[in-house]
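**Student:** Spelled out, the chains give:
2 protein chains.
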Amino acid sequence: MQFTNGKSQNNICTMQNLLTASENGGEVSFHGSVHKIRDMGDFAFIIVRIIDGIFQCVWSQEKTDFDIKDLKEECCAKFKGNIRADKRAPGGFEVELTGIEILSTPNAVMPVSINKGKLNATLDTELNYRPATLRSGILRAKFRIQEGIVRGFRDYLHSQNFTEIHTPKLIANASEGGANVFKMDYFGKKAYLAQSPQFYKQTMVGVYERVFEVGPVFRAEKHSTARHLNEYTSLDFEMGYIDSFEDIMEMETGFLQYTINLLKTDYKSELDFLKVELPNVEQIPCVRFSDVKEMISKEYNRKVKDPNDLEPEEELLIGKYFKEKHNSDFVFVTHYPAKKRPFYAMEDPENTKYTLSFDLLFRGTEITTGGQRIHDYNEQVEKIKAKGLNPDEFESYLMIHKIGMPPHGGIGIGLERLCMRLFNDENVRHNSLFPRDMNRLEP
Amino acid sequence: MQFTNGKSQNNICTMQNLLTASENGGEVSFHGSVHKIRDMGDFAFIIVRIIDGIFQCVWSQEKTDFDIKDLKEECCAKFKGNIRADKRAPGGFEVELTGIEILSTPNAVMPVSINKGKLNATLDTELNYRPATLRSGILRAKFRIQEGIVRGFRDYLHSQNFTEIHTPKLIANASEGGANVFKMDYFGKKAYLAQSPQFYKQTMVGVYERVFEVGPVFRAEKHSTARHLNEYTSLDFEMGYIDSFEDIMEMETGFLQYTINLLKTDYKSELDFLKVELPNVEQIPCVRFSDVKEMISKEYNRKVKDPNDLEPEEELLIGKYFKEKHNSDFVFVTHYPAKKRPFYAMEDPENTKYTLSFDLLFRGTEITTGGQRIHDYNEQVEKIKAKGLNPDEFESYLMIHKIGMPPHGGIGIGLERLCMRLFNDENVRHNSLFPRDMNRLEP
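Residue numbers (my numbering), protein chains in the order written: chain A, 5 to 447; chain B, 5 to 447.
Take the hints with a grain of salt, since some may be wrong.
Copies of the same chain look alike in the list, so a pair counts if it fits in one copy or across any two.
Simulated crosslink set (SDA-like; lysine to any residue; CA at most 20 angstroms straight-line) [as the list claims (entries may be wrong)]: (1) Lys11 - Ser248; (2) Lys187 - Met442; (3) Lys406 - Glu446; (4) Lys73 - Gly103; (5) Lys226 - Met188.
If you're looking for bench data, these hints aren't it; they were derived computationally from the structure.
Let's have the full structure, built from the sequences with the hints guiding it.
**Tutor:** Shown next, in the form of structure tokens:
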């Protein structure tokens, strides 16, 4: 009988392993893809892409019995060679190859060049050929940093006693009683794709007090803008026993602080490669919705068109204003009008035209919506009616208010939007591995 | 201008905090739900449920100016009192209350009793009243352990140089060319819900070599069994540059070993509460599909009905056999017939009737399917045709084979099934927070 014991002989060789080996020189072996070949006749430079970086190898006829003609870009291979430190080389070392064993050879050349430093492709080309373009240094670095943000979210919330949950994406009612929801047939019944884990994360506050979820959400929005996706990754948390909705903003600030530090330590090479300017999150200014509307209108001599919501241009100006006046990339805009907030948003007892809610803007783009929720049963039923909805349709949700809930609230962060602003990209699609919009379901 | 600084004054008091405080006694304050009240006339026992446990408080008329009549089960409140160690008490301490401030009062009594130790409810009742039943000790403990398993999965793979990815759930083609897929309208086009991240995780092996994803998958299976869900959480990983498909089984074994240890350290109170017997995963036996079929047939004098797949009864007997003969709760069954494996499964070069694939059984139930994938373009195109499918429909997927892929493979683990077996539950629905089956879309 054969047994596994959890100890694979299949080891990974990382950039750090190679850098360490290069200090004393000697033989190394590694595997990877051939990122680029520069054939110089008697010898060739081979740029190899390994799990977490690229570096230069030198092939020469006299050092191997391998014919360079057999090697193509994007071949996967096992390599052997002698390593030496070289400060001029990317990665800080170079390998003189002594052996190459090809594992696989591609069937076609790359449809887009990915080994020229910059990715010279239109957005459509970048997305149409995602399997190829994601192999470029720039996109590898971006989505590694995206991983870091998600890690930061989880690790920070875990340290704050949050429990991770997994809630259903197939639901019986359009969560927020609204439009923009995908419908489908579910064994002869109607079902919807969840626009957010809202009702479920609130339910779980009754169970674990503090919960979070990272997962896909779906919005059937029929417009195609540079900052909307029809499927995106939402970072959600919800917490009970808050003293005010400011506790939620403090928790989000703590997450951002923790995550920026995590990126600095664990994703330094990616940040350096992309020359990312990390935002300052020591403190985040908070300003009321009605105040900031007025401030921006005065400062930029601009007429307010929509008194109940922030216009995209206003968001940009708010970003600019707070960067200039407070050197802050972030700003919390609080107390949104009740008209524009969903039925579960708690009204401000001091002025019920407004809610105890907020958006977080990052460099002029909304990346978070959050706030305190109604926890009292009668109050919630009344509010549903006042919004012209039927409480009977929310029976399942209202069970939580019936059986008792603490004061609570939470947020949802759009992961791709946060990344878009971090990298100063003009289109959010750059920050989804395989984006979905009205015209795009593939690859 | 107001600022957040990431430092909330809203602190959590955990069971560990209270236990530590009880050593010296003194005043403590905490918040939580009233889990149970036993009114004894002059005094009352109040069981309070806090973020990570329950414990007993004592209320008496002379110590507070609070009228016990105002307190209901499932009230949320802030409490003050004097703590003292008490070894007989659950949690190891007791609090004599000096102050109670009610934050919210439920509108109705609990529809199911959750404070009697065991949850005396049928499966349907348990699921219909999920917002209530999840507050019971038993379900709180179970889903905390489920969180631990997911943490173990991520943390272990992170330590093994895997990168986390987020892939789309809305896709243009039924991934495996098969049935059991949910269809929907997507802006006038047909779309499907992903049955697995299969194609995307393979694509990402070309980018990061080792990747994983934790996310929902959807199966439109039209049967209702005790071990099927129509939406479940899949733990997927995929790794490149494998020497054989055994590397994948070693990686899964490593994950299980790491996770069992994590549960022992970080989820000890939940394991103790549920009296969970953790499986032994020092080593896992591996047996070929055809051999184990024969073994079981001989040992239990049983006729083989389906030569190409394991029958559920066979799985149970395999579980029994390996527990008895090898004291193992797990067994890898390898080399499944090509007939029953999808078109991307790599055939065994020694006998192409079989594939380089495996299932992992845990206590007689399949919890994982995995294997090596075809990485060569021509081989993959031929295999698609041989399965009676049209390669044109897989153009987007085949791009990865065209531009070059290393030898690779991976697995998908059904999270709820793994939990079901860990807790020896008879129905997988117990292990989904809000299960989805043919008849259930709510709550």
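**Student:** It remains to establish, for every hint, whether it holds in the given structure.
**Tutor:** Comparing the hints with the structure gives:
1. Lys11 - Ser248: Cα proximity of lysine 11 and serine 248: across copies only (14 angstroms, versus 50 angstroms in one copy).
2. Lys187 - Met442: both (15 angstroms within a copy, 17 angstroms between copies)
3. Lys406 - Glu446: between (44 angstroms within a copy, 17 angstroms between copies)
4. Lys73 - Gly103: Cα proximity of lysine 73 and glycine 103: one copy only (14 angstroms, versus 83 angstroms across).
5. Lys226 - Met188: both (17 angstroms within a copy, 16 angstroms between copies)
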